[in-house]
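Here are the chains, one letter per residue:
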Amino acid sequence: MSTITLKDACKSWGSTQALTNINFKCENGKLLVLLGPSGCGKSTTLRLIAGLDTPTSGIVEIGGRDVSNLPPVKRNISMVFQNYALFPHLSVEENILFGLKARKVPKNEQKKRLENAADLLGLSNLLDRKPAQLSGGQRQRVALGRSIVAQVSVCLMDEPLSNLDAKLRQEMRQEIRALQQRLKMTMIYVTHDQVEAMTIADRIILMKDGVIEQHGTPEDLYNRPATAFTGSFIGNPPMNILTPDIEFMEEFSSMLPPGSTPSYLVGIRPENIVISKKSGLKSSVLAIEYLGADSLLQCQSGEQAITVTVKGKTEISKGDHLKLNWESKHIHLFDGKNGKRIIDSARGVTP
Amino acid sequence: MKTKFKLGYWNHVNGWLLVLPAVFMISLFTHFPIASNLFHSLFSMGTVTRPATFIGMENYVFLMDDDIFWKVLTNNLIYSMCTVPLSIAMALGMALLINRNIKGRSLVRMSFFTPTVLPMIAVANIWLFFYTPEYGLFDQVFSVFGGDSHNWLGNPDTALYCLIVMVIWKESGFFMVFYLAALQQLSPELKEAGLVEGSGKWYYFRRVTFPLLMPTTLFVTVNAVVNSFKLVDHLVIMTKGGPDNASSLLLYYIYENAFSFWDTSYAATLTVVLVLILAIITIFQFIVVEKRIHYQ
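Order-wise, the sequence lines are chains A and X.
Residue numbering for the first sequence is 1 to 351, as defined by this note's numbering.
Residue numbering for the second sequence is 1 to 296, as defined by this note's numbering.
These are calculated hints, taken from the structure and not from any lab test.
Virtual Cβ for every residue (Gly too), placed ideally from N, Cα, C.
Certain hints may be false.
[To be verified] Listed below are the simulated BS3-like cross-link pairs for lysine-lysine, each with C-alpha atoms no more than 25 Å apart in a straight line:
| no. | chain 1 | residue 1 | chain 2 | residue 2 |
| --- | --- | --- | --- | --- |
| 1 | A | LYS107 | X | LYS71 |
| 2 | A | LYS104 | X | LYS6 |
| 3 | A | LYS208 | A | LYS277 |
| 4 | A | LYS311 | A | LYS278 |
[What the hints assert, rightly or not] Partner residues aside, some chain X positions facing chain A, computed with beta carbon under 10 Å:
| no. | residue |
| --- | --- |
| 5 | ASN37 |
| 6 | LEU38 |
| 7 | TYR204 |
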């Protein structure tokens with residue numbers, strides 16, 4: 001079928017190492033998101049799969065076949081580009097049929113596939129237009145149409161929604177997800193937006209500096225971040241990563257593994273912090289952001305910044321002194337040196 | 001109501017004042033000479049003793065019967081039909097060739113562009129040497145293969161084509177620069193989309209690259225056509241239009257009439273014809289070709 005596997009894939013340009021030992025498998029019919037900040041190598045990974053770049057070492061397999069050195073056309077894939085890559089001088093219809101004409105698909109088959117795709121994407125009235133006469137969302141649909149008519153089971157998407165406004169982005173991501181499930185496509189989707197990743201992915205690969213930080217389901221990444229970086233990247237607002245200082249240890253030493261004081265990083269999500277009247281980490285409020293359903297309190301304790309989420313509009317005002325508290329089970333513990341998660345069982349907590 | 005009228009009035013005055021310098025210059029150097037030229041073409045050749053007199057269309061009637069005019073016009077058409085398409089095709093080919101990552105690319109670019117930066121007189125002299133019988137470059141090369149000596153520029157059958165070869169060599173490097181600039185404007189994402197969609201090199205060129213280069217092609221074509229009607233300097237150095245007007249072109253014939261024969265009124269008549277030809281070709285190119293062009 002169309003399982004995609006990367007085995008020890010590396011890519012470097014001269015002395016710049018873009019990707020180091022990338023290993024993963026995307027099962028047939030699943031949507032895998034490559035997530036990470038800019039320059040982390042997610043687009044390069046996608047280009048290796050597409051065949052627009054070849055790995056310096058390692059293997060790319062699609063459907064069990066080693067395609068590492070095959071040109072894109074022989075890989076049976078379709079791709080949607082960040083800027084859509086529509087041909088500006090061709091009509092919507094010609095853009096969608098471009099690949100089919102290149103591959104000399106019979107005329108009546110072309111027509112059938114075009115009609116199907118146009119129906120599916122609501123483009124039937126726009127077939128004569130040029131890309132310049134379309135809105136961003138419509139252009140996006142044309143790019144999708146081009147990859148649908150190819151009728152291949154692998155679809156690669158390189159930040160397809162980054163040029164759309166927020167509302168449209170939300171609609172389109174639902175549409176893409178629905179389409180992917182309906183057509184049972186194996187899809188690899190590159191984005192830097194963690195919300196987009198969380199909402200549509202079957203599995204997420206979070207990357208940083210050319211290596212995979214964590215590969216798992218959205219729940220895994222949110223509930224059990226493998227590194228402090230994952231913790232701070234996933235979730236909105238991001239997880240607070242605190243270095244336990246003396247004040248912190250006074251209140252919370254019981255929550256940390258007993259008998260040792262190595263350098264830890266403590267991760268705690270803003271939504272898990274409660275404001276306590278009795279005890280807790282002393283901090284002062286620097287700023288309040290009202291979001292409607294929630295308010296974000298930007299607090300400071302000693303040298304460290306802490307974000308706290310509270311429901312609705314809050315009575316607290318700037319400059320107030322608060323005691324922040326949380327339950328032991330909400331703490332994520334990371335190694336202070338390499339940022340790796342310290343397994344829950346090692347600290348005697350069951351998740 | 002009154003103030004509104006006033007405002008509109010001053011807007012117009014303002015506008016005219018702003019374009020006045022440009023209008024003045026373009027009238028002085030373009031419109032006035034054309035009108036004056038048309039006017040002079042209706043007069044006889046003036047001399048010191050006999051001033052020019054109005055003779056109506058007589059110059060034009062003479063032109064219709066002038067065998068040299070028809071000869072020169074035919075030459076010019078052959079010359080245009082050869083130099084325009086060939087130099088453009090070569091320019092495009094060279095631009096496509098050096099728009100890739102090949103070794104020694106800047107060296108190749110430089111050598112393609114060199115003919116353009118050389119002074120025209122120098123170029124003509126270099127080619128004069130190439131075409132020289134016996135010890136010229138071409139004859140020396142041919143003699144290696146046992147060929148005879150040719151008087152390339154002295155033979156009425158080859159003189160015009162010798163000019164054509166040289167001009168193609170010179171023009172294509174210049175036009176290449178425009179194509180190269182246009183090619184570098186094309187998004188690499190389009191190329192990649194083409195690769196993923198399975199288009200071959202030729203298919204991609206035919207469906208995407210060439211259509212997207214059409215604005216450049218139009219610009220280059222208009223220039224090439226105009227250039228093909230205004231060649232003088234090489235002719236002066238190489239053949240002086242000879243032998244027997246075999247390599248003479250329209251503008252050179254005008255130049256001869258005006259400054260060798262001092263028949264300025266007939267030269268004016270020929271100029272009117274030249275301007276008409278150029279205007280018709282350019283209007284045709286813009287109106288017909290424009291419709292098929294996609295501008296970004």
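Consistency of the hints with the structure:
A threshold of 25 Å between alpha carbons decides the hint, and for LYS107(A) with LYS71(X) the separation of about 52 Å lies outside it, so the pair is violated. Between the alpha carbons of LYS104(A) and LYS6(X) the distance comes to roughly 67 Å, so the proposed pair goes past 25 Å and is violated. Distance check on the hinted pair: LYS208(A) and LYS277(A) sit about 40 Å apart at the alpha-carbon level, beyond 25 Å; violated. Among the hinted pairs, LYS311(A) with LYS278(A) is consistent with the structure: their alpha-carbon atoms are about 20 Å apart, no more than 25 Å.
A least Cβ separation of about 41 Å between ASN37(X) and chain A goes past the 10 Å threshold, and the interface hint is therefore violated. Interface restraint check: LEU38(X) against chain A, minimum CB-CB distance 41 Å, threshold 10 Å, status violated. Given the 10 Å rule on beta carbons, the hint for TYR204(X) holds: about 8 Å separates it from the nearest Cβ of chain A.
Checked against the numbered hints listed earlier, the structure breaks hints 1, 2, 3, 5 and 6; every other hint is satisfied.
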